[in-house]
Amino acid sequence: MSDTLLDGGTLAEGCHPTTEINATVNGRKVQRRVPNHYRVIDFVREELKLTGNKEGCGAGECGTCSMFVDGKLIKSCLAPVQKINGCSVETIDDLDRDAGMSLLQQAFHKCGASQCGYCIPGMVMAATSTLRRNPGASRDEIKEGLGGNICRCTGYQKILDAVELARDIQSGAVPASALEEDAEAHSFIGQRTRRLDAPAKVTGAIKYAADMFMPNMLHMQVVRSPHPHARIVRIDAETARAIPGVECILTCDDVPGVDNFGVFIEDQPTLARGVVRYVGEAVVAVAAETLDIARAAVAAIHVEYEKLPSLFDPHTAMHDGAVQLHGFAQNNICKHTRIRKGDVDAALASADVIVEQTYDTQSVEHAYLEPEAGLAYVEADGCVTVQSPSQNITHHRHMLARILGRPINKVRMIMSTVGGGFGGKEDMIYQGMLALAAIKTRRPVRYVFTREESIKVSAKRHPFNIRYTMGLKRDGRIVATKMVMVADGGAYALSTPGVMNKSAILGPGPYDIANVWVDSIGVYTNNTPSGAFRAFGAFQSEFATECHLDLCAQRLGMDPVALRRINLMRDGATTHTRQQLDRVLAVECLEAAIKAAGWDAGVPYRQGQGKPQRNDFNYEGSRQSYLIGGQTQPLVPRASSKSDVHPVKISIN
Amino acid sequence: MLTFDHYLTPKSLDEAFDVLQRMPAARLLAGATDLLPWAREGRAGDVHLPAVVDLSRIAALGGISQEGARIRIGATTPISALQRHPLLMQQAPVLGACALWFADDQIREQATVGGNLVNASPAGDTQPALLALNTHVTLVRREGDRLIERSVPLSEFILGPSRTMLQPGEILLRLEFDALPNHGVAFEKVGHRRSLAISTVCLATLVHLDASKRIDDLRIAIGAVGPVPERLTDIEDLLTGVTPTSAALREASVRVADRVRSRSRQSYRREVLSNFVERSLAAAIAHAGLDLPRIPKESQNV
Ligand SMILES: Cc1cc2nc3c(=O)[nH]c(=O)nc-3n(C[C@H](O)[C@H](O)[C@H](O)COP(=O)(O)OP(=O)(O)OC[C@H]3O[C@@H](n4cnc5c(N)ncnc54)[C@H](O)[C@@H]3O)c2cc1C
Ligand code: FES
Ligand code: FES
Chain G
48 MSDTLLDGGT
58 LAEGCHPTTE
68 INATVNGRKV
78 QRRVPNHYRV
88 IDFVREELKL
98 TGNKEGCGAG
108 ECGTCSMFVD
118 GKLIKSCLAP
128 VQKINGCSVE
138 TIDDLDRDAG
148 MSLLQQAFHK
158 CGASQCGYCI
168 PGMVMAATST
178 LRRNPGASRD
188 EIKEGLGGNI
198 CRCTGYQKIL
208 DAVELARDIQ
218 SGAVPASALE
228 EDAEAHSFIG
238 QRTRRLDAPA
248 KVTGAIKYAA
258 DMFMPNMLHM
268 QVVRSPHPHA
278 RIVRIDAETA
288 RAIPGVECIL
298 TCDDVPGVDN
308 FGVFIEDQPT
318 LARGVVRYVG
328 EAVVAVAAET
338 LDIARAAVAA
348 IHVEYEKLPS
358 LFDPHTAMHD
368 GAVQLHGFAQ
378 NNICKHTRIR
388 KGDVDAALAS
398 ADVIVEQTYD
408 TQSVEHAYLE
418 PEAGLAYVEA
428 DGCVTVQSPS
438 QNITHHRHML
448 ARILGRPINK
458 VRMIMSTVGG
468 GFGGKEDMIY
478 QGMLALAAIK
488 TRRPVRYVFT
498 REESIKVSAK
508 RHPFNIRYTM
518 GLKRDGRIVA
528 TKMVMVADGG
538 AYALSTPGVM
548 NKSAILGPGP
558 YDIANVWVDS
568 IGVYTNNTPS
578 GAFRAFGAFQ
588 SEFATECHLD
598 LCAQRLGMDP
608 VALRRINLMR
618 DGATTHTRQQ
628 LDRVLAVECL
638 EAAIKAAGWD
648 AGVPYRQGQG
658 KPQRNDFNYE
668 GSRQSYLIGG
678 QTQPLVPRAS
688 SKSDVHPVKI
698 SIN
Chain D
5 MLTFDHYLTP
15 KSLDEAFDVL
25 QRMPAARLLA
35 GATDLLPWAR
45 EGRAGDVHLP
55 AVVDLSRIAA
65 LGGISQEGAR
75 IRIGATTPIS
85 ALQRHPLLMQ
95 QAPVLGACAL
105 WFADDQIREQ
115 ATVGGNLVNA
125 SPAGDTQPAL
135 LALNTHVTLV
145 RREGDRLIER
155 SVPLSEFILG
165 PSRTMLQPGE
175 ILLRLEFDAL
185 PNHGVAFEKV
195 GHRRSLAIST
205 VCLATLVHLD
215 ASKRIDDLRI
225 AIGAVGPVPE
235 RLTDIEDLLT
245 GVTPTSAALR
255 EASVRVADRV
265 RSRSRQSYRR
275 EVLSNFVERS
285 LAAAIAHAGL
295 DLPRIPKESQ
305 NV
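Those protein sequences? They're chains G and D, same order as listed. Counted the way this note's numbering counts, the first sequence spans residues 48 to 700. Counted the way this note's numbering counts, the second sequence spans residues 5 to 306.
With the rest of the complex left out, here is chain D:
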């Protein structure tokens, strides 16, 4: 059970920093979907905090906008917005494909994008999708009476399970990435069940084909198979500049097994990851306009 002396609902960043200054041990909270289950028996147990700072009513942390070629998503944006926001559906559809697999409708209304990143669970579903978008996160702190922002690549922001670059007194403000309206996308995930589908393997693929149907930009990011999400740069390099064929996708898929670093369910994860790489490549390439027949696989359960 989570108990606390104060629950504060600041309306502005300044008010939030006032609280953090007065009570440095205060804990930030957005959707509470990680924090409340965490403070339960079997996890952290009973947790008492001097104060909880609910960020959800700070306007500066919300909102989805486009500035030039860049898309900005406020930290407290709920996952449901990734699924429905017209701008994102057009310019970054991989996020919608990812949101589709994220928990259930109700959790998606509560859970926020920022919470998913700061929580830094190895199974956080938005991480691979955002990594494939080359996302930068913007962090904000207050020095004196000035708000100071810094922007870091998501790949550097997440350090390990539950560990990020966020410093005490700092708030995750927003995410930023380039609009990619012409990339084909795919998102794959397996988890134990539909809701609370904590990923066992998840993967996001973005691909762009040039006029002659050659791959000129490929980004594949995997999650849940190691402490932090990562890009499959070797596969990206292998296939970039290539006119994709079914055989090339199969070849790429068999190379990824050694990327599984989780300690549990290793062989299962390896098989799934390899299948995912092939299937998501085919799906993303099809989405980008080139249908490739799939090479059948022999049955493996004999």
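Next up, chain G with everything else stripped away, as it sits in the complex:
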């Protein structure tokens, strides 16, 4: 075969083969030799240190890595680096051509179209691509152009507004002065106030933990349990230790301080101690010169387990005789919150209708776009510092000091920009290992989760099973509510106690009910730990309550809004935990919501009962659903002139 064909790779002894890449990146010629298996995103971020574009999923699904290759926008996490040989690459880092911010970036800033900011570089790139292709793109075309990019924070409206604003300024339809900051008002409420960090987010300049590099930095990787419940019999790390470039290998034996931590209950070791309790629990941590070496070391570590019986169902876990996952938690009950108000049994006996139903909610992943990451180093004065997107740094700092057995003034936590958290970054799940590795090696150590790892090990929203009993009078008045809720807390407590409290306190909803009984029980199982997630438990119980009220309305033949209007708390109401309220705006809130929604009063499921169809869909002023295919030529009509076949409405089914 021709020699030129084999130029692509050379195999250096003992490490990954490398390849030489010649490309133009952001207008500058670059020539680098990088590992053969690098993808375009690795080349740009790890080799060139251009960190404006992020890696969110590594699988083509999120769009944080979108960049131009020869003018085509692609997902750079899906392109082998060799694809850019001889090509030109454009990343967000230089989109402004050194002029501060591009028009689109200014429009993003003006419209407040960035929150955590992690998706924004990709969004800006996709928007740039859309307007380059068609400077007059319609809103549907813009949606289509941004369709490969996900945002977990903004709800997209402001992003789309920003692209439209940029389009209109570019075409001259709107004056450039529209980008100027609004005049300062007396109150911040109801005003558009510019976010201070937005310029750094729309240009990709802001650094998330995975964007940080330090000279002499090591990379961490972790051996994780493949079993839900097992005893660790033996850890064999000798082969791994012998790999050149492996700087340190950590197990629970390396923890100098008190190795028990947690948000509410101290039940968690930094690295599994003797037993693993869920699939994905950290067992051994490795720090090495390169990510590839760290990965090779992890693959070379052999952990011998003795499998133990596992619990996956919280109801089973509470049975007498079930395996005990933590010595201190009898019947595996992590937290039991009770609310007792009035006499529920008597009230139920007096009710005209009793409606019973069971509700289940599922485990939910936060799916913030920024996977967990952190960088730890020891400062000249011996203070160990961890930078990570921790949503709870002060508490983390205290826990870390105990784990490390150091005075608090020798431990520092810096909260790096959080690329989405939603409660999921409240738990300290990797900062301990990072700090230990930095102390052991006296070198900076960075750890970046893959998306798979993030999904495997970070906390999820608690799945709940809710048995609901509600007694009502025929006129719709609720006389009693009984909720028995069992939540799967997973292997460690994390935020379970707090979540149980909140689900109980807020569960019966904003309704004035004289007789209330709530049991909210969080249970240890061998599932992935459950933890904080937007609404912190209230979501699950209120979901059940609102579903239940709809069901009751149906049983009573009432408009579901009317049923709520009757029962909502009013001035002077007593909450379920017997707190006296002076002023309650719940009714006003409901009235405003039904007005905004164009609510068509009446019982639900009218169609099924042979009554006329509701008329609050697609009413005037409501947002139209999105047409896909905005940017494609409509089908060339065949015999007829009817061309409404396409574009197609999405989400019809």
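It should be emphasised that the hints constitute simulated quantities derived from the structure, not laboratory data. Please note that the accuracy of each hint is not assured.
Unchecked claim - Calculated pairs, DSSO-like style, for lysine-lysine (alpha carbon to alpha carbon, straight line, at most 30 Å):
#1 G:K254 x G:K119
#2 D:K15 x G:K119
#3 G:K76 x G:K119
#4 G:K76 x D:K15
#5 G:K354 x G:K96
#6 G:K487 x G:K503
#7 G:K503 x G:K520
#8 D:K301 x G:K658
#9 D:K301 x D:K217
Put chain D with the ligands on the given structure of chain G with help from the hints.
Same frame as chain G, now just chain D with the ligands:
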């Protein structure tokens, strides 16, 4: 993670076959949008290959052309070309309608038609559209110093999930089908979301009406509801020669439920498939010039 000793970028078929001859275990790669996600945790995990052969710079594998009544599409043609190429928009618009539903803009720039067929995922979106076009695929291998082509119908090419007739040392060269400038078309798909919308059900319909508005050619192909895409020949036969009516489309739609062979989400798929058959028939017939009113359906969620 995908690792390999060599990444080779041949410029011609001959160079590519040189590599395959020297390294039979080498893996072909076009857009990499299936290969890279596949070599990740949860799928195949870490995969090491002796060599990867990137086909994207071989001119003979690219290009879209018309030769007589036949349309030829090179294997490394990106999906985005199906959406924008004037020839295809005119002569095979079902491909554009399909591309519209395929992933997102950026994946469409990377993903290739050939990769979609060779990957043979039961949820591959181009398969039903190409099946409805009666596509033949051309495979090429080298014997001695001769390049030998063979052409097989797409319906035979895909054997099962991830399995095709492609032999080791063979490359998918191009696709071929008849230009159908006067057929009405429709493409339907549901997936979990817009990008990475791996199909749960997808369906392509092509229809031709004669001068008296009778159906004289009908092709319906379904995907994602079984191991391989297939044609709904019974419905095709039922409606061919018929002047379509709304009632006839409804009747056809209720007959297809038993075609769902996937193991998961069966009842959902059955309902969607039946609705798709009716809606796509109406849409394709309308595109061909005959508007039929839809018979309303009773609400099923009571
Ligand atoms: C986020 C995302 C969304 C997606 N959405 C969709 C979707 O909506 N619909 C859909 O159908 N698919 C979808 N896919 C899957 C994928 O993009 C397609 O299957 C694509 O067509 C694969 O083409 P490729 O060139 O990238 O394949 P590659 O990954 O390069 O190759 C796939 C396989 O085909 C082989 N191969 C490629 N070309 C040839 C050739 N010419 N001859 C012989 N063998 C060859 C390779 O060896 C490999 O085994 C999606 C993928 C991602 C990552
Ligand atoms: S799409 Fe590339 S990182 Fe998500
Ligand atoms: S701002 Fe879009 S993901 Fe946070």
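Structure-based check of each hint:
1. G:K254 x G:K119: holds (26 Å)
2. D:K15 x G:K119: holds (21 Å)
3. G:K76 x G:K119: Status holds; Cα separation ~19 Å.
4. G:K76 x D:K15: holds (23 Å)
5. G:K354 x G:K96: Measuring from Cα to Cα gives roughly 44 Å; hence the hint is violated.
6. G:K487 x G:K503: holds (27 Å)
7. G:K503 x G:K520: violated (47 Å)
8. D:K301 x G:K658: This hinted pair holds, its Cα atoms lying about 15 Å apart.
9. D:K301 x D:K217: holds (26 Å)
In terms of the numbered hints stated before, the structure departs from hints 5 and 7, listed from lowest to highest.
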